[in-house]
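Please construct the entire structure, taking both the sequences and the accompanying hints into account.
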Amino acid sequence: MKLKYKLLDKLHNVSNSEMDLLVWAVQHSDETSGTMYGAYYKDYCDEYDRCKQSFYNALYGLADKGIVTFRRNQNDAGTTSDYDITVNDNAYPWKGSSEATYRNEGYVDLASPVFRSGEFKSLKAKEKYLALEFRKRSFETGKGYKHGVRAFYEAWDKTLGVTDRTVRGYIHSLSKVCGFFSVGIKDGFYRITSRICFKKPAKGQEGHRYDQDMYNEQAVRMDLNRNNIKYDKTGFDDTVFLMYQYASAFAQKHADVKTYLSAAIHNSISGHKWRDRSLSAPTIHYHLKAILDGLKDVPETQSAKQNSKSKKNRFNSFSQRDNDYGELESLLLNSTI
DNA sequence: GACCGGTCTAATCGCTTGGT
DNA sequence: ACCAAGCGATTAGACCGGTC
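Each residue of the first sequence is one higher than the one before, starting from 1 at the first, in this note's numbering.
If you're looking for bench data, these hints aren't it; they were derived computationally from the structure.
All C-beta atoms, glycine included, are put in the ideal place defined by N, C-alpha and C.
Do not take every clue at face value.
[Said to hold, decoys possible] Pairs of lysine-lysine, BS3-like flavour, derived with a Cα cap of 27 Å: (1) K143 / K200; (2) K136 / K124; (3) K230 / K52; (4) K146 / K230; (5) K186 / K176; (6) K230 / K121; (7) K124 / K65.
[Stated by the list, open to error] Estimated spans, in silico, between C-beta atoms of each pair: (8) T32 / K186: 40 to 46 Å; (9) G207 / T32: 22 to 28 Å; (10) K143 / D64: 36 to 42 Å; (11) Y286 / K233: 19 to 25 Å; (12) K186 / D232: 50 to 56 Å.
Here you go:
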């Protein structure tokens, strides 16, 4: 959910579909690697109401500009395909450590409701870019972004390759139309401050999500896509919820709930034809519980120790690329009913 | 034969600008 | 404030080679 300040320089001339893809990738990415795993073109097209060509244009365009690198993932039959998209130089590999260089690198937090809003999505590409810059600048100085009026126009005209008039139009939509920033001119200076809409909902409030939640959802979405399982929002939410419901139960057995939820999803469509698969959260629940019951208990003392140590990072430690169904299935055979 | 991911291409859209 | 030229961005949909 973090976009490093130092990457903003590259974004002044991206197209709108490229900007959307970048924001989308960051919002669903694993912060320790700066990578969104299992990015599926249809999800992007649904999210931003774009045609599929735009996904490819955006992906290749961002790669050509050196902003992302990507890898295509296909199953053996070539019937499903998705991409891992790494935003270059956007990783926080030692997050939580005392390494000051990584810990202190500034970023725009794309978890803010502003960056998911319809207002933001409907902005022009360069307005989106300015929103990121203004967010950075107003945040960095604390008291708002201050810039002499003439210098302000010269700087942004040059960066964006447009005239004063057009920059004024951008400012207008960011302030008056969207209400993202308060913008005023006083004593020959522009002064721009972020408005309250950037504030994330607190825990317990409507719309609250931890940064990790989008990443967890993406893991489920990837498994559903790869198994060609059709789903609606309710079923999806119910399935994601299983991950939280069973996290500690799996942790007590030294197991990663994500890995086994993935297996349970896979098991849930056993016997269903490729084209006749729709999500059944209760069926997945059943399989997940069966897997849990089949796992060996670990000795009490060890369990308590391991659990307290790993609880906090449980969701961070998931490696999504390690899914080997052959291996998982043999595990299941050995451990379940 | 239906459907999928991905590509190709022509048509259209949208943005910016200079002129009014 | 509005208009229209210029041109890059985006779209729709035909198409290709593959699987179900």
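Status of the hints after comparison with the structure:
no. : hint                    : verdict
1   : K143 / K200             : 20 Å, holds
2   : K136 / K124             : 19 Å, holds
3   : K230 / K52              : 19 Å, holds
4   : K146 / K230             : 50 Å, violated
5   : K186 / K176             : 18 Å, holds
6   : K230 / K121             : 26 Å, holds
7   : K124 / K65              : 19 Å, holds
8   : T32 / K186: 40 to 46 Å  : 43 Å, holds
9   : G207 / T32: 22 to 28 Å  : 25 Å, holds
10  : K143 / D64: 36 to 42 Å  : 39 Å, holds
11  : Y286 / K233: 19 to 25 Å : 21 Å, holds
12  : K186 / D232: 50 to 56 Å : 51 Å, holds
Comparing the model with each numbered hint stated earlier shows that hint 4 is the single one that does not hold.
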